[in-house]
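**Q** Okay, here's what each chain looks like letter by letter:
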Amino acid sequence: MFKEIFLFELKSWFKRPVIYLYFMLYLVGAFLLICAATGAFTGNTQDTNSYMNSASSIAGILNAFNSDFFLGLITTIICVSIMGSCVQKDYQYNIHSLFYSKPITKSSYLIGRFSASFLLSLFALSAIVFGLILGFAIAPNDNGQIGPFSILNYLVPFLTFTVINVFFIGVTFFSLVTYTRNLTTGYVSALVFIVISGIATSMTSDIENETLSAIIDPFGNQALSALTEYWTPSEQNERMVPLQSYVLYNRLVWLGISLLIGFVTYRNFQFSQFLNPVGLKKKKSQEEVKGMKHIQFLFQLPKAKQYFNFKTSIQQLVFLTRFEIKKIVRSVFFMVVIGIAILLMITTHNYQGLIYGTETYPVTYQMLDLGAVLSQFFLIILIIFYSGIVVWRERDNKCDELIYSTPVQTWVLFTSKFLSLVGLVGAVYGAAIITSIALQTYEGYYNYELGLYIFEYYGKRIFSAIVLCAMAAMVQVLVNNKFIGFTLTTLLTFGLQIIYNTTDINNRLIIFNSSGNVLPYSDMNGYGHTLYVFYMYKAYWIGFMMVLVALAMPMWPRLKEKSYKARVKYASKQFQRSYAFMMIIGLAMFLGFGSFIYYNTRILNEYKTNKEQEKEQVDFEKKYKTCLKDLQPRIVSSTVEVDIFPNEQGAKVKGFYYLKNKHKQPISKIYIGMFEPKDIKELKLQTQHSKIIDDAAFGFFGYKLIKPMLPGDSVRLDFTLEHFSHGFSEDGSSTDIVENGTFFNSNALPYIGYNDNMEIADNSTRKKYNLAPKPRMASIDDTTAYGNTYISKDADWIRFEATVSTIPSQIAIAPGYLEKEWESNGRKYFKYKMDRPILNFYSFLSAEYSVLKDKWINPKDPANVVNIEIYYHKNHTYNLDRMVNSTKRSLNYYTAQFSPYQHKQVRIIEFPRYASFAQSFPNTIPYSESIGFIAKVDADDPESIDFPFYVTAHEIGHQWWAHQIIGADVQGSTLMSETMSQYSALMVMEKEYGKPAMKKFLKYEMDDYLTGRAQENRKEVPLMMVENQQYIHYNKGSMIMYSLKDYIGEDSLNSAIRRYLKEKAFQEPPYTTARDFYGQIKRSTPDSLKETLSDLFERIVVFDNKVRSVTVLKTNNQYKVTLLINTGKTKSDSLGKAKDVIVNDWIDIGVFAKNVKNKDQLGKELIFKKYKIVGKEQKLEFTLDEEPYMVGIDPYNKLIDMDPDDNLKTCPKSY
Amino acid sequence: MLLKIQNLTKTYPNGKKALSNVNLDIPNGIFGLLGPNGAGKSSLMRTIAALQESDEGTIFLDDLNVLKQKDEVRKILGYLPQDFGFYPRVTAQDMLNHFAVLKGISNKSERKEVCDALLHQTNLYEVRDKYIGDYSGGMRQRFGIAQALLGNPRIVIVDEPTAGLDPQERNRFHNLLSEIGENVVVILSTHIVDDVKNLCNEMAIMNFGEVLYHGKTNEALNVLNGKVWQAQIAKEEVEDYRNRFKIISSKVSGGKICINTVADTQPDKAFTSVSPDLEDVYFYYINNQQK
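In the order they appear, the protein sequences are chains A and B. Quick note on this note's numbering: the first sequence kicks off at 1 and runs consecutively. Quick note on this note's numbering: the second sequence kicks off at 1 and runs consecutively.
Just chain B, with the same shape it has in the complex:
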């Protein structure tokens, strides 16, 4: 199965360009969509989830015209949006049943069975009688994935699911995602590089509505092989270095500032070559775009 996005463009009425000529081929497995806030990830995902129209372009899931056949898309979709809530004073069990009905699982006992299994799977079975409104953030996200998995979806979209979770919860969530299986297209959008590194074979980097990189996660590192240089400098020097070099990232490390830059050759003797990690790739593309 292949999700094929071609020339997708969307401009909001206020003139903001959400998607600009996006082309992506997304195969089965977990696909990482990396980008800062406002990069257009959510727009892209909503467009795939039949919640938004595009101005131009096409999306096909194999033969299915995603933009035109919205009803068909909804039948095979599992979607967990970035920002969501639930009805107040409804228990997890009732809410999941609610979604199951809407997903067309008509048989009552089947519905119960699958809901219970999903609650077990997401480790929420013990608290199924609690109101979702009272759930912690991690529990909510797990519930979110439970509803997305109802009805054997063939395409699962999860938008920034781990934002704001503590490491333990994040871990749990990753485990859940990794279980979804090989035969499903899973699109995970995130601004956390580690999420992609841990979970995704393929990825894309987006910013300002454009796809900056698209390919295998491990191949992404090849782009910067031998080109990443790092220097430890004092705080006062940052300004100076910023003016002289194209700094892609900087972080505080042991009282000093650790800055990375990308260059074919050693830019300065303060820099030493380091092996690139995904974060460098990410910052490289993001910063390169900001002209």
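If we strip away everything but chain A, and leave its shape as in the complex, we get:
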């Protein structure tokens, strides 16, 4: 019987077109995905080291079809429709009683049905594999992004992930639908899984959760990334996805859960159950038949007047809308989805805004971002789902003939459905607001901005939702099949977006329901000047929807006719003047606002596609690169007057440079360029010249001097610039000048000579345009590049003076010391002057600031006083003390250990969250509101990282490391700026917070380094050769400097640093390189550690150390500890191809007592010493007086270790 049922099921599906439709959907979907990802549509490619068709990459793609919000949703709908309806249809078509009364055994029925539908689902999903293979076969491969074909790369991930995932979701759907006979439960369970998967992803922002998140992700996505995240490009390319560690456990857990669910279903299933589904249904009421009352004649019935006017229609509309909303809000699906969404908000919130594991305050804008999770996914699902429910409600309940034969207007019917969807949205928003406020309260944040919540949700987001509701309802009316309607709306909302994103179509006028290029809400700047843009786009889309709805409303299925022809015929008769009126208004809005948007984004503001930009860069390089051969004068002074107009988003700059010939030859040609060509009003070189290049489009100008500049000669360059934003643009809305929080830097001013930063950096793209490949940075030994620093190509040290003006309510700031402050013509002026030369790198800021002032007095020299000023947004007072404290500690340490501070002030200046970094200009540190100002440091947790303290220390470190020492424009130079700032900050942090805080910080650094190198798209280099790679100069740099300090000691390291500073600080070109720095370090390193030093700086070395076993023997109150350690060490080439090398290093070995406060943290050090470890395995023995609790090799994770978690082992209890 099993066979019959199984084959019957298969046959009946294969006879229907729908299974082939699913197959094609996946095939085409996967194919397009690959085409898009490989740049087959756009022709854009990027340099890469990793094959896109490696096993781990394919596993990731296959997984996305289960866990991605959009793709996972599609898979869910399809799997529910196959698996769920297998059971459901027996009931739906009333054949269940027939079926169950036949001699079919439970096992043959259940297993037959399930295995058939499982196979069918796999069949549909297998199309992904074929789609991928096809996609990779035709994808462009100029940049070597596609490796050799291997069927195993597809097969193994398919078996490991897809098959088990489908089995798991299949069993769950099948069981739930079998019990409840309701497809909705299937959808709900699928949602739950996608959400769990999402939660697992968000949990990983705290690295302590990696194992947990790897296990609880039902689709194995996190397990996969936990397993492969440290794989270097070469490992990714060559390794199969092994069924081991996280992946193995995860798969076993979820396979086990599925089998358990399956078993329980099987055990409890009874055929009779189908007639009595589990549910809350009440029994039928039996009417107590009484004798009939005396029958009245009907004309004796009370008379009720009927009205058929507009007022009645409105009354009916209100009535029906309320009815629908009540129905929706009380339905199980709604409650479950809202419940899940709230749960997701709460869980996501736990991990939101974590920086190095440190929380941030739940300010309202963070809560609004959090709520966006809800509106981007759950709300869309609810709208799509309920659009089907409400539009089909009469037909589904078979009362369509009753309702549609009443004298209610068709538009009332449609509008009530639409409005009920909007009401649904309103309810969801309400839930989001309540949850947000509850979360804020829970965290002790009481600055409730209710008005802001209400405006954001009901004054802004609702408009996007309205467009979507109208679209969903309209589709359901037009398409006479609920499921096709679901799929169509899903594709329209999620799918179109993906297509647009991947095809370089970058015109919001054709991206459905686009919202314009709008700034996010910031505490400092509010919604800023772009708020109206949002409404322009929404008006445009509402107009669009009005046209469609006016066409769709007469199509309302009021008649029983199903054929399109009949419906269209009827609709055309129904098309009244009011519909036409609505259409005309809609069309007017659509065209009117559309034109307005087009005028702004295409005419007022220039728009270039990526391709066009690329071409421009190529043209610029080809045209002007030859200018490089002409020696250029250097900027030696900059004097500017900057007038900032925050409310007009504009600035006027008037200023002059002095350019000096620092070469030994005369200069006869000068080139001047501007990154923003349009801003130039006037450039005036104050010497007699003729123009040889006048390229306003590129903003590049060449002058031939009548009288060449002799060595040592100077010339003045005057410039007048003006920048005002006009309307709004398609992309790249500049956040430089905003109403409150202006921040821009010296890149807005003219530069001298040809600037190769404009060139295309990507070598595969360069190849396309026949440009020679370009190294990411010049070689460390390329002495020709020593003439420039890595941040400026046209200046060394300059004199600087600026007068900045702004509106009276704001303070304007530039580097230097405030000399004068005055008001005139209703504007406020600030004159700043630098008392000593600085790098050609300065910034201008303006906002309404509160100011905190403090002083640092040098403990060793009370005469040495530095003013500390923090310019902050009035509400952001949380961490000001930490910043001040950090500033003082930093100045203490750096002045004592490195060299004197060259300035007399430190200013920290907050700017809006449009960017999230802090940046160090001379004595001036702009600092984003999103990173330190709202951090919430847990003072009670010794491991909690004081993030604002760290960032401040790092930025102040830059006053030495960049502003005293600046490396040449070659490899390795960021070692002396970023890495050294990290080291400086680490030392200040260690002094303030002790070693335990270091361990956690370094763990993040190691994690970031190992994941960073896995994504390297060109080549990994040793620290000394770093090419501005963040994962090297920040993350690896921290690790290495901390190790180095540990090996040679803080004092000798700092004395090497002092020597280096003394020799190279404030030097003129040729500039210093990492070789100079390394030379000083070497001098301070004993010979025994020279090899180690090479490992740290000159090689890419990764350890894999662990404690294999530990035994403890207790004799006469003494403890004999024996531990067996395994060590491994690899040296990698630039692609991450690792080679084992023999360990021969000094490594920390530690034995610790129990930490009474927290047993997971290390206790007192009973033994802590470096041991020379040679070879793969070593046995160590100690005899102790105290009871040991934990042993470890490299217990503080000072070495870069592939698996830092197995370095410690707890001692066995029994001896």
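Bear in mind the hints are in silico, worked out from the structure with no lab data behind them. Think of the CB as a built atom: it goes at the ideal place given N, C-alpha and C, for glycine as much as any other residue. It is possible that part of the hints are untrue.
To give an idea of the chain B side of the interface with chain A (calculated C-beta under 10 Å), a few residues [what the hints assert, rightly or not]:
(1) Gly29
(2) Ile105
(3) Glu113
(4) Asp116
(5) Leu118
(6) Ala148
(7) Phe208
Below, a list of computed lysine-lysine pairs in the DSSO-like style, where the Cα atoms sit at most 27 Å apart [unchecked claim]:
(8) A:Lys629 / A:Lys767
(9) A:Lys1159 / A:Lys995
(10) B:Lys17 / A:Lys565
(11) B:Lys4 / A:Lys569
(12) A:Lys820 / A:Lys793
(13) A:Lys305 / B:Lys17
If you want the footprint, here are the derived chain A segments under chain B, 3+ residues with CB under 8 Å [as the list claims (entries may be wrong)]:
(14) 1042-1055
(15) 1112-1118
Put chain B on the given structure of chain A with help from the hints.
**A** Frame of chain A, contents of chain B only:
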């Protein structure tokens, strides 16, 4: 008042002819529309109820063009379709109120009054707080008629209302229908001959979309006066008789088969003349059509 149907024709997209040149004059009072399943009764009723379009023909209710002025028709229509349901988890009272709103009874107290009266009338007042989904078949039908009578309709259409009801419920339903009154056009479609016999002055017989008979119910019998012949035969003989005579109906009676045929003269000595009843008329027309 007169409902005048002329040349009404409707063909479904799949080629099935639902209505073929239907001509009917329907006056006030209960009009019976008799025919087997699939005869086109429901199509005809939906067309009158503005739920379906026709290909050709006209329907007028006095001056009202039913096919064109659908909105106007809905205002004076009470309709109880053959197959219907209600929203789940809604009480009878709320549901009736829902319909009353849709029928344009704007005044809240009037609405309440008329709904309560109708619930009383249909004997559902006691159970008005129960979900309709939990009602028995008879209660549902009575509720159906209650909603159809909301707002003083001038034309009431009830499609197969008594199918599946037990005799007692059917009786109750008939009583309800008969109360609707003289000044309203009531069209009752059914395949149960007794319904028409009991309730309707005028009737029509339909099959395959065609009107086979149209006239007064009692006059219908005149057509077959003296022409109906009945014979009691054994089971084995049925086949033989079917081949020899045009049997319009057969039923089992006391172990024997009782067959009726229509002929001007006695067809065989086994047959005796019987007085025709409506069922004979019905079967006569239905069978005559099936060529």
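**Q** Take the hints in turn and mark each one as holding or not.
**A** Here's how the hints hold up against the structure:
no.: 1; hint: Gly29; result: violated, 14 Å
no.: 2; hint: Ile105; result: holds, 5 Å
no.: 3; hint: Glu113; result: holds, 5 Å
no.: 4; hint: Asp116; result: holds, 9 Å
no.: 5; hint: Leu118; result: holds, 7 Å
no.: 6; hint: Ala148; result: holds, 9 Å
no.: 7; hint: Phe208; result: violated, 19 Å
no.: 8; hint: A:Lys629 / A:Lys767; result: holds, 23 Å
no.: 9; hint: A:Lys1159 / A:Lys995; result: holds, 17 Å
no.: 10; hint: B:Lys17 / A:Lys565; result: holds, 17 Å
no.: 11; hint: B:Lys4 / A:Lys569; result: holds, 25 Å
no.: 12; hint: A:Lys820 / A:Lys793; result: violated, 32 Å
no.: 13; hint: A:Lys305 / B:Lys17; result: violated, 40 Å
no.: 14; hint: 1042-1055; result: violated (count 0)
no.: 15; hint: 1112-1118; result: violated (count 0)
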